[in-house]
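Chains as they are written, first to last, in this note's numbering: chain D, 1 to 116; chain B, 1001 to 1115.
FYI, nobody ran anything at the bench for these hints, they're computed from the structure. Keep in mind that a hint or two might mislead.
Simulated coverage check for chain B against chain D, where a stretch passes if three residues somewhere in it have a Cβ under 8 Å from a Cβ of chain D [to be verified]: (1) 1043-1049; (2) 1060-1071; (3) 1105-1111.
Far from chain D by the CB rule (all over 12 Å, computed), these chain B residues [to be verified]: (4) GLN1006; (5) SER1009; (6) CYS1013; (7) VAL1019; (8) LYS1020; (9) GLN1038; (10) THR1057; (11) LEU1076; (12) THR1078; (13) THR1080; (14) PRO1086; (15) GLU1087; (16) ASP1088.
As the structure is a prediction and not an experimental result, all values here were calculated from the model. Backbone N, C-alpha and C fix where the C-beta goes; we use that ideal spot for every residue, glycine too.
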Amino acid sequence: AQKVTQAQTEISVVEKEDVTLDCVYETRDTTYYLFWYKQPPSGELVFLIRRNSFDEQNEISGRYSWNFQKSTSSFNFTITASQVVDSAVYFCALSEPPGANSKLTFGKGITLSVRP
Amino acid sequence: GAVVSQHPSWVICKSGTSVKIECRSLDFQATTMFWYRQFPKQSLMLMATSNEGSKATYEQGVEKDKFLINHASLTLSTLTVTSAHPEDSSFYICSARLPGADTQYFGPGTRLTVL
């Protein structure tokens, strides 16, 4: 069975601080995808990134960066120079191997509050 | 691209009535759509997987007769909460997946309040 653990439940930082959101996953599949989604107070889930299990290259997109380490089954997300607009709930998710009905397993989410 | 809409964004209804929620993929055809439920300060719980032209696949513990799902076209899936009760009050979110892809794109959600 697949499992995603986001051990941090709430994080509060002051604007311009860097913050890392942790994600640890469990799966027996060799092929899978990992995702991060952002859910602002409006409720809509915003897709941030997808990483497949064969690509361990870290990725940077503006102030966002992701560190995928298969050896520790982790897919951590770092926001540098955080801003108030980054305040949201962030979900890490793991998908089953590609297929018509492959499902997502979500972590419990991390509530990030960025204070001015 | 990959925009998903939901309608209505919120609804209040009386206990015993039925409520229909629509999920549309606006700029792509989605052979597979998913319906989730989210309680306050909790994660998303998958309710069912909906494939165009076939019956939905429900997750364990989700009542098929209570939550009717119809995926009649490649751009529209509907969730009907039948005989709604206060415990059905929740945030319902749909997602759609591009054919051959693995990323789910989510709608803005529908907040249902049953009085």
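List of violated hint numbers, smallest to largest | 2, 4, 5, 9 and 10
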